Amino acid sequence: MHRGEQRPRYKIDGFTLLTADKSKFKDDQTNKEVTVTEYFKKQYHRQLVYGACLPCVVVKKKKDLYFPVEVCRILEGQRYKRQLGPRATADFIKIACTKPEERERRIRQDATRQMNFENNPDFKAWGMHIDTRDLMTLNARILAVPNLICDSASSKPHITIKDGAWNIQKFLVGSKLTSWAIAVFGSEQYMPTAAINDFIRQLVAAAAPRGLNIVNKTPILVRANSFEDPSVVLDRVYLSADYRDPATNQKVPPQLIMCLLDGKAKQSKLYSPCKKWGDCKVGAMTQCISYAQLQQQRSMALYCNNLVLKLNMKLGGVNFKLAPKTLGRWGDEPCMIIGCDVTHGPPGSGSPSIAVLAATMDDTFGRYAVEYTIQPPRREIIDNFGAMLKSLLNQFLSRSRTKPKRILVFRDGVSEGMANTIMEKEIDEIKKTCIDLSPKFQPEITVVAVQKRHHTRFFPTDQNRDRSQNCLPGTVVDTVIAHNYEFDFFLQSHAGIQGTSRPTHYQVLYDDFGFGADALQNFCYHLCFTYGRCMRSVSVVTPVFYADMAGYRIRTHLKDYSKWSTEDSKRTSDSQEDPSSYFEPLNPRLKGLMWFV
1 MHRGEQRPRY KIDGFTLLTA DKSKFKDDQT NKEVTVTEYF KKQYHRQLVY
51 GACLPCVVVK KKKDLYFPVE VCRILEGQRY KRQLGPRATA DFIKIACTKP
101 EERERRIRQD ATRQMNFENN PDFKAWGMHI DTRDLMTLNA RILAVPNLIC
151 DSASSKPHIT IKDGAWNIQK FLVGSKLTSW AIAVFGSEQY MPTAAINDFI
201 RQLVAAAAPR GLNIVNKTPI LVRANSFEDP SVVLDRVYLS ADYRDPATNQ
251 KVPPQLIMCL LDGKAKQSKL YSPCKKWGDC KVGAMTQCIS YAQLQQQRSM
301 ALYCNNLVLK LNMKLGGVNF KLAPKTLGRW GDEPCMIIGC DVTHGPPGSG
351 SPSIAVLAAT MDDTFGRYAV EYTIQPPRRE IIDNFGAMLK SLLNQFLSRS
401 RTKPKRILVF RDGVSEGMAN TIMEKEIDEI KKTCIDLSPK FQPEITVVAV
451 QKRHHTRFFP TDQNRDRSQN CLPGTVVDTV IAHNYEFDFF LQSHAGIQGT
501 SRPTHYQVLY DDFGFGADAL QNFCYHLCFT YGRCMRSVSV VTPVFYADMA
551 GYRIRTHLKD YSKWSTEDSK RTSDSQEDPS SYFEPLNPRL KGLMWFV
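The letter at position 335 of the sequence shown is residue 335 when you use UniProt numbering, and the numbering goes up by one with no holes.
Think of the hints as simulated: they come from the structure by calculation, not from any bench.
Check the hints yourself; a few may be wrong.
Derived SDA-like pairs (lysine to any residue); straight-line CA-CA distance at most 25 angstroms [claimed, not checked]:
hint, residue 1, residue 2
1, K452, R465
2, K217, S240
3, K431, N384
Derived CB-CB ranges, DEER-like [as the list claims (entries may be wrong)]:
hint, residue 1, residue 2, range
4, A292, R7, 46 to 54 angstroms
5, A247, A292, 38 to 46 angstroms
6, E333, P585, 32 to 40 angstroms
7, R82, E424, 29 to 37 angstroms
8, H483, V215, 50 to 58 angstroms
9, G77, D198, 52 to 60 angstroms
10, A194, Q267, 21 to 29 angstroms
11, Q463, V215, 50 to 58 angstroms
12, D27, P585, 47 to 55 angstroms
13, E102, R201, 39 to 47 angstroms
14, A194, G77, 53 to 61 angstroms
Since this is a predicted model, take the numbers as computed values, not measurements.
The beta carbon of each residue, even a glycine, is placed where N, CA and C say it ideally should be.
Let the hints inform the model, and build the full structure from the sequences given.
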């Protein structure tokens, strides 16, 4: 603004700590230090209005350049790459919840009005024409739902699935909860004991028919004092859980600590400390619950039923499984299915990335173990892949008394440009790890890339749609928009709840098994029905879902979460320290358990 018509563009690197009146630099003409305010008055005859109260913009060139905020203008139309604030996040969610018909209408309008393809000179020069009158029409197929089994002792163990959802009366494998306690992070006035006891009664009532045996129906309640450190509170709760084994009369360590929090559980400032205490310090299962949810009596039964699904898995149970005839060749011999994911810190943060492998441990595909490694920020290639796989294979061998004959890997987060790198590095590590375990151990390996971050959307052309007006679950497209000669397809495996559903793109990178298109598409779809936390098919294969969940959970193990603010974008990217040193390690007592669900 201070240079008239000359308006060079710069990339902002940051802001000065001092105001323009106090920020100094060496003037090349006089070789003396001057303030930014003095320089602008002398050089441009401009007296700064906000020099006493606003900092300067810092621009990196050959040396640092300082510009007063009041002489700068932000270019319009730039993409914001950092974490959104609360208001922007709320606006984004509203846009994401746009119904399919409305989204389709907007796409048609924007393609015609905003893109303006017809008047694009580059398109005209090359003789290109884009028809914006209609969207591309594709042929799709609807895959058949799988057969699920719950209570194997029942005369009718098979589950009826409708619109991608189902209900079960009893778990395939129930678990037992004997020793547990509840930490109440609120006063009697805001979280009365009577309401908590009523919740416990409803939880016990919901658990019994499903096969989760809650032996101790009156757990100890311990209230936190004002401003008491969460770890200190939880230590008291852990020691207060006074359940004794009837056979030995010895005190049993608590299997589960429930934490009653204010607000939404995961958004509470106490959520991360509670999880880090359970996962790292003592090695006990934790379950954070929003007290606000306990006040919703109309939905309490549904909430308790969903909570029982999680608790059964945490305590070692299996909720349901795919029927043997659904598995086909994958049920003939021992196999391991692995989900791989790398989760990154918030946009603009220098927080380390977390690479996770989540692998099935039995033929139900319902029990998982996870291994993880901490690596430098934004690194997509998985470090220590071989070491993590070796640990998972040893755990599989310990539980199943045999090695898997087949290994199916679903690799999330693979962009088109990364496929060759994944092929060269990670697939080689899988083969090498197997040979290291035993020269004769050479399982069939199949690696499939999984991608959710794309802009492809499907809109049904007839009335054959779900309640949210999206395509039916099981919709698969493998022509026209799929690759000409590579093995890939789009699968919309879930029933939409609100907004426009996004299909998942699957691409086979390597295949020893010799999957046919129909066989792999069906198997991927069926795996979306094995996610144990709900009774609905999910949008991506369950192993990837669990790997993603574990990655976000491990981020709560940061030693000091407050250090990783979105403003501090270079804390570890320039650091020579081992990224894992910023995290508390997982307690060995939880190894092989589903602590992350």
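Now for the hints, and whether the structure bears them out:
1. About 21 angstroms separates the Cα atoms of K452 and R465, which keeps this hinted pair within 25 angstroms; it holds.
2. A distance of roughly 15 angstroms separates the Cα atoms of K217 and S240; the hinted pair therefore holds under the 25 angstroms criterion.
3. Restraint check for K431 and N384: satisfied, since their Cα atoms lie roughly 14 angstroms apart, inside the 25 angstroms limit.
4. For A292 and R7, the Cβ-Cβ distance of about 51 angstroms falls inside the hinted range of 46 to 54 angstroms, so the restraint holds.
5. Between A247 and A292 the beta carbon distance is about 40 angstroms. The supplied range of 38 to 46 angstroms therefore holds.
6. Look at E333 against P585: about 35 angstroms separates their beta carbons, and that is inside 32 to 40 angstroms.
7. Checking the proposed 29 to 37 angstroms range against R82 and E424 shows it holds: the Cβ atoms sit about 33 angstroms from each other.
8. Take H483 and V215: their Cβ atoms lie about 55 angstroms apart, and the range 50 to 58 angstroms holds.
9. Remark: the range hint 52 to 60 angstroms for G77 to D198 is upheld by a beta-carbon distance near 54 angstroms.
10. Between A194 and Q267 the CB atoms are about 26 angstroms apart, so this pair conforms to the stated range of 21 to 29 angstroms.
11. Range check, Q463 to V215: Cβ separation about 51 angstroms, and the 50 to 58 angstroms hint holds.
12. Range check, D27 to P585: about 53 angstroms between beta-carbon atoms, so the 47 to 55 angstroms window is met.
13. Evaluation of the 39 to 47 angstroms hint for E102 and R201 yields a pass: the beta carbon distance comes to about 44 angstroms.
14. Between A194 and G77 the CB atoms are about 56 angstroms apart, so this pair conforms to the stated range of 53 to 61 angstroms.
Hint compliance for this structure: every hint is met.
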